[in-house]
Amino acid sequence: MDKLYWQSLDHYKDLKEQSNPDKVKPEPEFSIEGLDESEIKGKSSRRDFLKMLGFSVSAVALVSSCQMPVRKAIPLLNQPSDLIPGVPNFYASTFYDGNDYCSILVKTRESRPIKIEGNDLSKITKGGTNARTQASVLNLYDDARLKNPRLGKVDSDWETIDRDVLNKLQDARESGKKVVLLTPTIISPSTRQLINEFISEYPNISWIQRDTINYSAMRKANELNFGQRIIPNYHFDKADTIVSFNADFLGNWLLPVAFTKQFSTKRKLTDQNKELNRLYQFESNLSLTGSNADYRFTIKPSEESAVLLNLYNEIARATGANTFLAPVTTIDVSKAANDLIASKGKSIVVSGTNNLNIQLIVNAINHLLGNYGKTIDTTKPIHLNQADEADMQQLVKDMNAGKISGLLVYNTNPAYDEADTESFVNGLGKVAFKVSFAETLDETAELCDFVCTTHNFLETWDDAQPIEGSFSFTQPTIRPIFNTRQFQDNLIKWMGLDMDYASYMEQHWKSMLSQHEEVMGNFTDNWNKLKHDGVFQHEEDDSAQATFTEQALKATEPLAEGIELALYEKISMGTGKYANNPWLLEMPDPITTATWDNYVCVPIDLAEEKSLKYEDVVLVNGAFELPVIVQPGQASGTVSIALGYGRISAGMAGNGVGKNAYPLLHTKNGFTNNTGTVVTIEKVAGKTYELAATQIHHNMEDRPIVRETTLEKFKENPISGNEQHIIDEKNNVTLYSKVDYDGIHWGMTIDLTSCTGCANCVIACQAENNVPVIGKDQVRKRRIMHWMRIDRYYSADPENPEVHHMPVMCQHCDNAPCENVCPVAATNHSDEGLNQMAYNRCIGTRYCINNCPYKVRRFNWYEFANNNKFDYNMNSELGKLVLNPDVIVRQRGVVEKCSLCVQRLQSKKLEAKRENRALVDGEVQTACSQSCPTNAIHFGNLKDENSVVVQDNKSDRMYHLLEQLHTLPSTSYLTKVRNKES
Amino acid sequence: MIFNVSVIKSLLRLKGLLLSGFFTLLLFINLSYGQTAEAEANFAVCKACHTIGGGKLVGPDLQGVTERRDEAWLIKFIQNSQELINAGDPEAVKIFEEYNKIPMPPNNLTDDQVRDILLYIENGGVVAGAEVGETEQEVAEEVAVEDADTELLVEMKREDARHLQATFIAMVVLILLALFDLLVTKIIKQKWIPIVILIIAVIISGEVIFIEATNLGRQQYYQPEQPVWFSHKVHAGQNQIDCKYCHFTADKSMHSGIPPVAVCMNCHNQVKKGKITGETEIAKVIDAYNNGEPIEWVKVHNLPDHVYFNHSQHVNVGKMDCTECHGDVEKMDEIIQVNDLSMGWCIDCHRTKEVNFANKFYDQYKQLHEEIANGEKSKVLVTDVGGEDCQRCHY
Amino acid sequence: MYNTRVRGILIQGNKTYSDVSRDIIRPMDDKTPLWWWITAFLATGALFWGMWGFYNTISTGIGEWGLNNNVAWGWAIINFVWWIGIGHAGTAFSIFLLILRQKWRTSINRAAEAMTIFAVMAAGLFPLIHMGRIWDGFFIFPYWNTRGPLWDNFNSPLFWDVVAISTYFMASFVFWYIGMIPDFATIRERTTSAIKKKVYGILSFGWIGNAKGWLRFETAALLLGGMAAPLVVSVHSIVSMDFSVSVIPGWHTTIFPPYFVVGAIFSGFGMVLTLMIVMRKIYKFKDYVTDGHLDAIARILTFISLIMGTAYTTELFMAWYSGNEYELFTFMKNRVTGDYKFAFWTMITCNAIIPQLFWFKSIRKNITIVFIISLFINLGMWFERYVIVVTSLSKDFLPATWATYEPTITEIAVFSGTIGLFVLGVLAFFRFVPTIAISEVKGVLKETTTLKSFNDE
Amino acid sequence: MNNTNIIGVYEDEDVLLKAIDKLQENHIKIADVYSPIPIHGVFEKLKLTTRLPYATFIYGAIGTISVFAFLYWTSVVSYPLKFGGKPLNTLSFIIIMFVLTIFVGTLFTFLTYFIREKMYPGKKVTLPVPRTTNDQFAILIEKDQNMSDLEVKKLNELLKKTGAVEIKESE
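Residue numbers (the working numbering), protein chains in the order written: chain A, 2 to 983; chain B, 33 to 427; chain C, 463 to 919; chain D, 159 to 329.
Hints in this document: simulated from the structure, not taken from any laboratory.
Misleading hints may appear alongside valid ones.
Keeping only pairs whose Cα atoms sit at most 30 Å apart, straight-line, the calculated DSSO-like set for lysine-lysine is [said to hold, decoys possible]:
no.: 1; chain 1: C; residue 1: K493; chain 2: B; residue 2: K218
no.: 2; chain 1: A; residue 1: K530; chain 2: A; residue 2: K148
no.: 3; chain 1: D; residue 1: K326; chain 2: C; residue 2: K659
no.: 4; chain 1: A; residue 1: K345; chain 2: A; residue 2: K555
no.: 5; chain 1: B; residue 1: K218; chain 2: D; residue 2: K281
no.: 6; chain 1: D; residue 1: K244; chain 2: A; residue 2: K739
no.: 7; chain 1: B; residue 1: K223; chain 2: D; residue 2: K276
no.: 8; chain 1: C; residue 1: K477; chain 2: D; residue 2: K180
no.: 9; chain 1: C; residue 1: K674; chain 2: C; residue 2: K658
no.: 10; chain 1: B; residue 1: K385; chain 2: A; residue 2: K909
no.: 11; chain 1: B; residue 1: K411; chain 2: A; residue 2: K909
no.: 12; chain 1: C; residue 1: K493; chain 2: C; residue 2: K748
Input sequences plus hints: build the corresponding full structure.
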């Protein structure tokens with residue numbers, strides 16, 4: 002079965018030869034297959050991958066007729082157990098990059114991963130994903146990946162590397178010199194054990210974990226309060242009132258996917274349930290969480306502790322606990338306090354600030370409210386972000402002092418994302434031998450003598466324990482594409498063991514499971530089941546909650562003078578690890594809708610004061626220049642910059658995009674903070690920088706687009722906010738009889754109350770439908786190709802606006818205006834209510850684009866595939882492997898748009914027919930509805946009376962976008978309800 | 033002769049490999065096994081590797097297999113042996129090891145069908161064996177007779193193509209002549225004669241151009257040379273091997289799948305000498321297998337990139353016979369594309385073909401069911417359930 | 463003959479038939495003048511630049527234009543409508559005036575029709591070039607094919623366009639050519655050069671001008687005219703339906719068909735005026751294209767300009783009166799006062815206000831001013847199309863999608879290319895074709911002169 | 159055969175018309191009249207008519223019907239496709255029918271015209287009086303064989319009387 006992959010790879014090489022003209026060897030299969038001609042025509046084709054790989058693969062795949070594509074990786078039961086060309090296999094796996102965690106299913110075709118979906122079996126992420134997870138599949142096909150291990154600056158082979166490194170290590174052991182293994186937080190039990198064994202093999206090696214985003218203050222606070230250095234587990238699904246200080250728990254904080262899932266369960270209104278949770282957000286920059294808050298307060302970072310302490314005191318007074326002296330603030334926390342008290346034990350207070358005092362206060366409040374053991378669980382702590390940054394600081398000192406003779410860096414990039422990069426780099430210069438375990442040649446790897454190139458996570462074996470007792474597994478879904486080796490395998494090899502990590506892990510689990518024989522029974526069965534499910538919940542009787550010991554609380558922070566900086570992670574870019582992922586680079590930010598760059602978010606008053614406009618350029622701290630976005634909801638006296646940009650060694654797409662803001666991290670008494678640095682902002686006169694934003698008008702112009710109401714009004718009258726619907730329904734009269742569908746009429750509903758605007762669906766759609774990446778300039782020209790967009794509107798007070806997120810894709814109108822105007826009948830209506838688009842019939846008059854009131858149709862302005870002008874994944878032989886073979890790559894000059902993932906519908910229908918059964922509601926899912934972490938998007942058959950969509954359509958909150966046009970969309974929206982008093 | 037042909041044709045149409053006159057016989061033997069005819073048909077696939085009492089072939093001799101193993105296990109194993117093997121079933125693994133790891137390809141037989149086959153093995157086997165012997169001979173001969181026709185047919189169609197070109201050239205010449213006479217040498221006094229000729233010639237040549245233009249990118253009668261001279265006539269025609277024995281993903285996947293060398297080896301472990309080519313061609317296969325390199329067959333039937341075609345939809349759900357699109361493959365030595373695979377060709381079929389409306393999937397089509405109930409409709413065509421929609425094939 | 467009395471003498475200078483032939487054919491016999499070469503040179507330059515524009519668009523993609531996801535139509539369509547509008551004058555002139563038996567048309571219609579032909583040619587290029595996949599353009603014809611066969615969508619205004627414009631071009635061309643046949647014959651008989659005799663011999667189809675011939679000729683002309691008359695109305699109504707059939711605020715307007723037709727005739731007459739003034743200047747045709755003619759056109763323009771003004775105000779009124787917030791936004795917030803107020807007010811000034819100056823006789827008499835105003839009209843009509851196409855699209859229903867549009871150099875090149883084509887066409891016409899319908903002029907010549915003689919008696 | 163014509167050339171159509179009257183009073187059959195411009199008087203006097211309008215009408219009628227038939231067949235029978243919830247057989251047909259009717263009408267009318275006139279590019283003709291395409295008018299009278307010189311003389315005089323500037327005979 003090795004053959005399988007090498008074959009496909011050989012083939013992949015053939016491809017390369019095919020594509021370069023000087024040595025085309027005539028292969029009849031290709032001359033008549035799509036590729037050559039398609040390249041002459043400059044027309045890239047759907048299955049051209051399949052055509053090349055497919056057949057040779059199928060051939061060999063079938064030699065190993067029924068063998069698993071990869072070792073004993075076991076796909077889901079309802080998937081075919083053998084690799085059949087043209088039939089997708091799903092493998093359960095886990096995405097963990099040292100920061101984000103998500104339990105996933107990997108969809109493979111012809112044994113190559115093409116799409117990532119959430120794993121419903123996971124108790125943590127519950128089938129949700131976020132944009133970064135969705136996009137991570139593209140990293141596998143990144144041209145920036147290293148193809149071989151590197152010795153110095155040149156490619157090498159593993160023998161040499163092993164020999165040399167081993168020598169170095171042994172020398173160091175002999176001479177007892179200090180060597181440090183630097184990793185991100187490792188949540189894999191097996192790996193942890195392995196590392197410990199490795200260290201016992203090399204006692205001179207000490208192991209340091211470091212996180213890009215630090216939570217050590219939180220752990221410290223808990224250590225003081227509970228005696229354990231932990232991050233407790235949060236249950237937002239049990240909380241009625243959530244008060245969050247600078248914690249973007251829907252976007253980036255700790256376990257965003259899990260938290261979004263939990264949060265959204267309390268954001269669903271049905272005939273039975275008419276209650277919502279209430280979210281208070283105190284923050285400096287408008288985060289995704291903030292944009293979903295019912296009540297949002299803008300505070301300066303330096304105010305936070307004071308505000309928190311006031312909140313504490315309010316609650317303390319009410320509950321008769323002892324209060325502390327707190328400075329007076331302008332922020333009125335009484336309302337939040339009342340709500341919290343009202344929902345004692347059913348509330349959560351969190352802070353994303355890495356500051357001991359603040360975290361202590363937060364804990365104290367939660368303690369007062371009796372949330373521990375109810376909404377917050379200390380018995381099953383979260384294992385993410387375990388690092389203690391003191392270690393790292395110590396390490397840097399030691400390195401500079403020359404105390405460190407060797408450094409092994411795995412999957413972390415301090416040369417880029419350290420607050421004080423300089424001293425680290427200097428220190429690194431003083432280290433005798435430096436080994437990097439990296440996938441790409443990142444800033445740190447560049448400085449190392451050895452680069453032991455590692456697998457992509459889709460090529461590796463691993464396990465993970467993000468939360469105590471909850472495990473999940475990573476299994477390879479493709480053979481290593483390049484001459485790489487998994488980090489753990491290196492350690493094993495250097496320990497002189499003769500095994501690979503897979504079997505090591507298996508052993509580890511054998512021993513682990515053996516403790517639970519009675520629960521588990523036969524190991525092999527379990528082992529297979531585990532790998533099949535990808536998750537394993539280890540239910541143990543709850544040990545008692547840790548006891549709370551009070552600490553003195555104080556608001557240390559003096560109100561800072563000058564402009565305070567609040568750095569933040571973008572939903573798309575995160576920490577910048579995937580800065581070379583074009584999908585993420587081109588993903589519009591849910592708040593600013595800007596793509597490709599980072600920028601300074603400036604509050605309105607400051608903008609007036611400094612006479613700054615959108616796209617003016619400012620000099621930040623005299624260090625670097627960035628364009629300005631005047632951001633409603635930015636706390637006055639603060640500015641915000643996104644982290645994760647300004648990579649210099651990320652790869653073709655990512656290099657030099659934006660500016661690196663990590664040097665502006667705020668380090669105070671040993672804790673590194675995103676917020677709090679005081680910066681200076683000077684306008685660079687006469688200089689502007691055009692941002693690639695996908696939306697320039699932010700006001701709804703009083704049009705009934707996003708219809709909203711408050712919970713109170715909703716309870717009184719469910720139609721509130723949706724009165725327009727009744728009027729429009731009345732006014733809609735027509736000459737023609739309404740078309741009736743037989744059997745199937747696909748429909749979709751989007752619940753604006755649940756939707757958080759996380760833009761996960763956008764990337765899911767892009768991955769599923771081969772949507773091209775078009776680059777900064779084209780986005781500036783307002784030509785972004787995404788079939789699905791998240792419209793964002795502001796309303797109310799510009800200083801602190803209400804934010805509306807609205808996913809818009811093709812509404813599949815029954816009276817579609819676009820259909821009437823296509824001269825060549827390229828777009829018309831299907832028997833299943835789809836507004837279908839036949840690309841190969843389209844001649845590109847673009848009339849349909851004009852006549853679409855929702856403006857969801859996209860035009861292929863250029864050849865976006867196989868075109869050096871658009872040198873992204875679709876122009877790279879490697880990158881093209883991510884294309885979905887069921888969906889054609891559209892040619893230049895044709896119009897495209899959301900097809901409701903017709904390929905998925907068709908395959909499910911076929912499945913049903915083959916199994917001679919009716920379709921089950923919910924089994925057919927589009928990419929967006931499938932991936933939505935809040936289940937805001939429902940999809941189904943409007944002809945099926947019991948389907949979810951039909952129920953939704955009966956709701957009083959249901960309305961169609963622009964329904965007064967009588968386009969009769971198959972997509973409907975449910976009004977947004979905010980949990981506010983009105 | 034004609035009679036023969038038609039008889040054979042109708043016989044070959046029958047799914048799998050049915051043997052003439054044999055049913056009646058069978059039915060007399062054991063009425064209790066009404067299904068045995070079908071069972072036999074299915075078993076023909078097995079025959080490639082198994083005998084009943086004929087000793088080992090690729091796979092074990094199946095005589096008395098029903099005594100040896102319990103039915104449940106057998107059914108499981110026959111339906112998908114690899115599942116069992118992967119599940120680590122000791123017996124399954126043992127057999128797998130014993131018969132040098134040649135996998136028995138999975139199939140989609142129902143439990144009943146398998147039981148039937150088992151019954152068939154128990155008793156009918158021997159009789160069948162004898163009968164098969166003869167009839168296969170007959171069939172083979174008659175097929176041989178039949179071949180001439182297909183060859184002729186194909187040849188004729190090729191002729192048409194050549195005719196087209198000839199006509200075109202002729203017309204061009206005519207046009208030139210007419211013009212020449214009209215303008216320079218004014219031999220024909222009646223001006224209208226050359227003019228009429230001109231017009232007619234232009235029209236005809238235009239017609240030819242149109243025909244040729246529409247055939248651009250199409251490859252009717254395409255018959256490439258294959259790396260291995262493989263005769264479908266011998267395999268599908270004379271040896272009566274079911275198409276889906278080799279192209280066994282046809283009813284699971286969009287691709288019918290080009291058979292892996294391993295499948296060839298199932299038989300060619302034993303059969304080392306071909307009827308026509310002797311050892312040379314088979315040797316290629318064996319080498320390929322031993323060197324672990326797949327044979328790079330030339331794909332004959334190609335659709336444009338913007339067309340999505342799914343074999344399982346047509347073969348499995350639509351219960352269509354392979355020959356309906358691929359022609360009488362069992363009469364072709366080298367495969368030739370008989371149909372032009374144009375959109376019109378697809379649509380025409382969608383407009384005329386009946387769907388298996390009994391399929392539970394169609395229960396939701398209430399209106400159609402009513403119409404059938406009250407007799408407005410006698411049958412449901414593919415187009416009635418959206419067979420003419422663009423996005424059935426283009427997405 | 464009452465009309466002649468009303469309008470005074472049509473042809474001045476008391477010409478005889480031979481004078482008429484001589485005067486009109488003279489420019490064709492003279493050697494090519496310098497101004498002709500210069501203009502031709504410039505026009506060719508423009509044409510080549512246009513070709514570059516075409517090449518760039520087709521080889522690289524429509525992305526070379528300034529369009530975007532929201533504004534998917536730009537200059538291409540604006541210019542298309544503009545040219546078609548201009549293309550209306552010729553047929554409007556000949557046909558309406560023919561049917562109305564307006565004799566004074568005779569000395570203008572030939573030039574007007576020629577202009578139509580070239581304008582429509584120029585217009586026809588835009589639907590082609592603006593296609594994303596021009597190489598598949600033939601899909602637009604409902605021809606028998608092997609796709610099912612698969613036909614076209616006959617609900618699409620674009621399909622109507624194709625039909626209407628090809629018909630219009632065909633009809634105008636035939637009408638124009640038949641009108642020229644007797645004149646070609648005249649040249650054929652008069653000319654001395656052998657080549658010309660041959661060429662015009664072929665062109666004249668062997669015209670002899672006997673009674674029966676003339677009878678059929680007149681009937682045919684009348685019939686074609688009669689059929690083409692509704693065409694003039696329908697063509698631009700159909701073009702207007704490209705917009706009025708859609709749902710976009712600012713497009714979805716019932717007033718469009720009449721308003722477009724009038725607009726078209728307006729721009730057409732504007733262009734005719736421009737050309738005529740040039741022609742009579744350089745060819746000294748003052749006797750044929752008399753001040754009376756110009757005056758007549760000027761009066762008509764004044765009247766049409768009033769209609770245009772009314773149309774604009776009606777649109778605004780309806781936007782307000784309908785109470786449709788989207789329409790109101792497009793018209794009031796976007797056009798009248800918004801980002802596009804410049805374009806809007808240029809349109810109003812050029813089309814509705816400036817032509818009102820024609821109320822003053824002094825201005826009508828002053829040819830230079832008339833000429834300048836005629837140019838203004840052409841400009842104004844271009845802006846009208848700009849306002850309609852761009853403003854409506856750039857800010858439609860969902861504010862989130864709003865986008866602005868600027869043309870790129872490629873689009874400008876394409877436009878200038880079509881202008882080059884037009885000018886070249888007109889130059890060729892000036893050079894090789896009798897620019898005034900000789901026989902028709904003779905036809906009216908007599909009446910006028912006899913009238914004079916009657917008065918003398 | 160010697161079938162010649164007597165041709166009277168005139169300078170002015172009014173004179174021409176009067177001349178025609180004169181000739182007709184004398185029962186002289188006028189074969190044809192050549193003129194640089196259409197003269198309605200001549201048509202009336204020579205009782206010339208044309209059936210072109212009827213032809214045109216028929217063309218138009220056929221056009222309308224066939225166009226509708228085509229549209230209906232393609233979009234309802236042959237390959238029915240649903241567009242924007244409209245019925246298959248829509249009002250938009252009217253527009254196309256209208257325009258194409260004109261198309262057919264125009265095209266065939268002028269084809270008929272050319273055919274009836276026997277005109278085609280490059281047709282060779284010789285005019286009895288070339289200047290009739292410019293500024294002269296000519297009346298053409300057939301002279302049959304058995305016409306005595308006397309009669310011919312008479313005719314010439316008659317023509318002269320009617321104001322013919324020139325009288326000539328043509329083969």
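Structure-based check of all given hints:
1. C:K493 <-> B:K218: violated, 37 Å
2. A:K530 <-> A:K148: Violated, at about 34 Å.
3. D:K326 <-> C:K659: holds, 25 Å
4. A:K345 <-> A:K555: With a Cα-Cα distance of about 23 Å, the restraint between K345 of chain A and K555 of chain A holds, given a limit of 30 Å.
5. B:K218 <-> D:K281: holds, 15 Å
6. D:K244 <-> A:K739: Cα-Cα ~9 Å, so holds.
7. B:K223 <-> D:K276: This hinted pair holds, its Cα atoms lying about 13 Å apart.
8. C:K477 <-> D:K180: holds, 28 Å
9. C:K674 <-> C:K658: holds, 27 Å
10. B:K385 <-> A:K909: Judged against 30 Å, a Cα distance of about 22 Å means the pair holds.
11. B:K411 <-> A:K909: holds, 25 Å
12. C:K493 <-> C:K748: Roughly 21 Å separates the two Cα atoms, so the pair holds.
Against the hints set out earlier in the document, violations occur for numbers 1 and 2.
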